[in-house]
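Chains A, B and C are the protein sequences, given in the same order.
According to the numbering used here, the stretch in the first sequence is residues 1 to 190, in order.
According to the numbering used here, the stretch in the second sequence is residues 1 to 398, in order.
According to the numbering used here, the stretch in the third sequence is residues 1 to 119, in order.
It should be emphasised that the hints constitute simulated quantities derived from the structure, not laboratory data.
Hints should not be assumed to be uniformly reliable.
Derived DSSO-like pairs: lysine-lysine, alpha-carbon spacing no greater than 30 Å straight-line [unchecked claim]: (1) B/Lys224 / A/Lys91; (2) B/Lys313 / B/Lys290; (3) A/Lys91 / A/Lys109; (4) A/Lys109 / A/Lys167; (5) C/Lys69 / B/Lys224; (6) B/Lys316 / B/Lys224; (7) A/Lys51 / A/Lys109; (8) B/Lys224 / B/Lys290; (9) B/Lys313 / A/Lys91; (10) A/Lys167 / A/Lys51; (11) B/Lys159 / C/Lys11; (12) C/Lys79 / C/Lys11.
So the derived label-pair ranges between C-beta atoms look like this [what the hints assert, rightly or not]: (13) C/Thr99 / B/Thr228: 40 to 46 Å; (14) C/Val65 / B/Thr217: 35 to 41 Å; (15) B/Gln40 / A/Arg110: 41 to 47 Å.
Because the structure is a prediction, the values reported are computed rather than measured.
Beta carbons are placed, not taken as given, at the ideal position from N, Cα and C, and that holds for glycine.
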Amino acid sequence: MSQMLEIRWHGRAGQGVVTAGELLGESTMEAGMFFQAFPEYGAERMGAPIKAYTRLSSEEIEIHSPILEPDMVIVVNPNLIGVVDITEGVKEEGTLIVNTSQSPEALRKRLGFQGGQVWCVDATRIAIEEFRRDIPSTLILGVVAKASELVDLEAIVETTRETLGGKLRPEIVDANVRAIERAFEECTQG
Amino acid sequence: MVASQFMPLDGANAVSQAMRQINPDVVAAYPITPQTAVVQNFSQYVADGIVDTEFVPVESEHAAMSACVGASAAGARVMTATSANGLALMWEVLYIASGMRLPIVMTVVNRALSSPLNIHCDHSDSMGARDSGWLQFYAESGQEAYDNTIKALRIAESKSLSLPVMSCQDGFITGHGVERVGLLPDEAVQEFVGSYEPELTLLDTDNPITMGAWDFTDHYFEHKRQQTEAMNASMELIESVCQEYEMLSERPQPILDCYGMDDAEYAIIVLSSTAGTTRSLVRQMRAEGKKVGVLKPRLFRPFPAAQIVDCIKNCKAVAVLDRAISFGAPQGMGPLFTDITSALYVAGECDLPVVNYIFGLGGRDTTPPMIAGVFEDLEKIGATGDRGDLVRYLGLRG
Amino acid sequence: MTDNKGPRMDKPWQQVQPGGVVTEPGNSVAYNTGTWRSMRPLRDTEQCTQCLICWIMCPDSAITVEDGKVAEFDYDHCKGCGICMERCPVNIREPHSHTGEMGKVIQMVLESTFDNDNE
Chain A
1 MSQMLEIRWH GRAGQGVVTA GELLGESTME AGMFFQAFPE YGAERMGAPI KAYTRLSSEE
61 IEIHSPILEP DMVIVVNPNL IGVVDITEGV KEEGTLIVNT SQSPEALRKR LGFQGGQVWC
121 VDATRIAIEE FRRDIPSTLI LGVVAKASEL VDLEAIVETT RETLGGKLRP EIVDANVRAI
181 ERAFEECTQG
Chain B
1 MVASQFMPLD GANAVSQAMR QINPDVVAAY PITPQTAVVQ NFSQYVADGI VDTEFVPVES
61 EHAAMSACVG ASAAGARVMT ATSANGLALM WEVLYIASGM RLPIVMTVVN RALSSPLNIH
121 CDHSDSMGAR DSGWLQFYAE SGQEAYDNTI KALRIAESKS LSLPVMSCQD GFITGHGVER
181 VGLLPDEAVQ EFVGSYEPEL TLLDTDNPIT MGAWDFTDHY FEHKRQQTEA MNASMELIES
241 VCQEYEMLSE RPQPILDCYG MDDAEYAIIV LSSTAGTTRS LVRQMRAEGK KVGVLKPRLF
301 RPFPAAQIVD CIKNCKAVAV LDRAISFGAP QGMGPLFTDI TSALYVAGEC DLPVVNYIFG
361 LGGRDTTPPM IAGVFEDLEK IGATGDRGDL VRYLGLRG
Chain C
1 MTDNKGPRMD KPWQQVQPGG VVTEPGNSVA YNTGTWRSMR PLRDTEQCTQ CLICWIMCPD
61 SAITVEDGKV AEFDYDHCKG CGICMERCPV NIREPHSHTG EMGKVIQMVL ESTFDNDNE
């Protein structure tokens, strides 16, 4: 039986959304899974609202079009709520993951989202505390690992070490890993 | 058979990995979105000394293809890459490459031609070059783009053919989309492509020759006949290289990728990434008991006419999806459609209703519900016998 | 003319060299361009100073040199362009040995006047 998880990301250009989607896909490869990660290319400039998509599947992925009915929506930047339609097309049993200091209950009320699961994590605070910059995308993968059984925290940590290890200083890589693990622990569901 | 190693790669990077493994003698290229990543990654391999390639940074695509022609005439194994307006700027030299029978391999990351200015995917660039004497492969995914590039080199350099090959994939959709791509071991690719030893080269000073010379009224015609016959006769060669690569990689390498076509009543024919989107829908529809199918030619030049006719002749109605317009063609048909309808006519299959959908121009998204609409149209045609409009537009407002 | 030299109008398309590659170096020798000539250059060998400028300037290598001296015109290939006459720097003192005219060492004469010689 094929299992496919379709994820839509909302963020702002420059926040590492595309990288996070790729990292997520890559982390499932070790387990023999297939993935697609692709942004929606508009007129890109730093700070503009962007969408990106990630598909994870136990079988080869044939479809090559944007995700219309996501299983999961990840909101990297809380100030997009109200600016773009976060819950558009999301499946009834779908999952929302939002970077916010609010509670899942408050968020449900605000979005009018009754279905599935809502996970909240204060990713911006974790990012500022761990690496003093508001680049919360990657650490949200910790929440994805908690919310979906298709995604494994260990694999994400390992992929992050491998991918970032080539480019960044060890202490920065450690901070990223710590942030992912904190997101996994500190997120709340409601 | 050898095991592939899986890597997360976008389609452009998958091709530059294939180029790295092939390690060509010369790459002359000019950057243009969405091909840029191909050349950018590859020039990094050159800078890092990972490949032995002479990289020629040029001032235009016209110069890029000209340098490729010169290098290939000198006996080098030559590759390049481009998109859209870059391909258009190469036009003159495309014909020189094929007329001189130079086996250059070029990746085309398909993008709309200006104007109006657009950087997103359609096939107007490479479709415009379909008569230029180059073979053309079209890829559904980054994986296919990788595989096609390696096969293209073997086919191009085959002594019985000796023609240039374009290996196309959809800009952004697969070109910039990251997927799991299986790479063969470097040595396996090296062994598969072998070494390139042309019989006649400009640098063979013991056997001096002239290339690209004046060809008068007494010979030009004969050379063109030779060129078209080489293309016509290449199907067997292409099939055998595909089979050999399939054995090596354990990935199917059909010239026609058919799904559900054995008993399909309604079928869609489409190139590149949209074929995958269509197939995923066809799987669902067949699970619901609908006799539908999808046919994706991986090869467009030479055109596998007889094979396509065989595959679709028992359908009740067929839709051909074209990601390009052939302006001024009858009713503005797309290039894939005109070739398929002429193939049907030549085969005497004139009763099959075939309709044309122009889609996805300038990167317009093509989604499963749109394709489901095409199958609904086909069912209507099958039920009423009324073909209706010959050329339709998918995903267009109004 | 040997079998593998010069333009061949008889070869069917299957047998022409692919890509129009010319595989026989120097095969232009086999092409008798001398028939194009309407004017023939003639040299007064007595009054010639052997400056070799005509040999340098001839665009068809149709002036042959032996032992450092101009030997003769290669009329199989001379197209009669007249550059040799044009660039000849020597004004003769006696009438030209062939034409009887004053002027340069190399002078051009209507080719048709030699028709009888060729027959």
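Find the hints from earlier in the document that the structure breaks and name them by number, from lowest to highest. Numbers 1, 4, 5, 6, 8, 9 and 13 - these are the hints that the structure violates, sorted from lowest upward.
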